[in-house]
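Engineer: Position one of the sequence shown corresponds to residue 984 (the working numbering), numbered consecutively onward.
Here are the simulated distance ranges between beta carbons:
1) Leu996 with His1021: 20 to 26 Å
2) Glu988 with Arg1052: 46 to 52 Å
3) Pro1049 with Met984: 44 to 50 Å
4) Met984 with Arg1037: 25 to 31 Å
5) Leu1048 with Asn1011: 34 to 40 Å
6) Pro1049 with Ser987: 42 to 48 Å
None of these hints come from the bench; they were simulated from the model.
Here a beta-carbon is modelled for each residue, glycine too, at the ideal position from N, C-alpha and C.
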Amino acid sequence: MEQSELFDLMAELELRGMKAAFDEIMANAVKRQHEPQHTIGELLTAEISEKQARSINCQLTIAKLPLARDLGDFQFEARRSTRLWCAISPLGASSLSSVTPS
984 MEQSELFDLM AELELRGMKA AFDEIMANAV KRQHEPQHTI GELLTAEISE
1034 KQARSINCQL TIAKLPLARD LGDFQFEARR STRLWCAISP LGASSLSSVT
1084 PS
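Can you make the complete structure from the sequences, with help from the hints?
Structural biologist: Written as structure tokens, this is what we have:
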């Protein structure tokens, strides 16, 4: 069976992981003279790994978690709650300057 026919069958069966790993696994199998069972096992393992990764990505998308942010992107001056805290804090904003090094 031709490789294009195999890829068509993999696409029909939605074996994306197996299709993506096929060339590398087959080249490795030929080079190391693996048994057919070993090669099929590697292809199936690649498929399982890809399905698990897709499942996790789908679950993360459904969870609608907030985007990751860095402190570098955080605008401290624009945070109203920080200014409010400084204004009503018994220590006041002046105590913050005494705590932080110059």
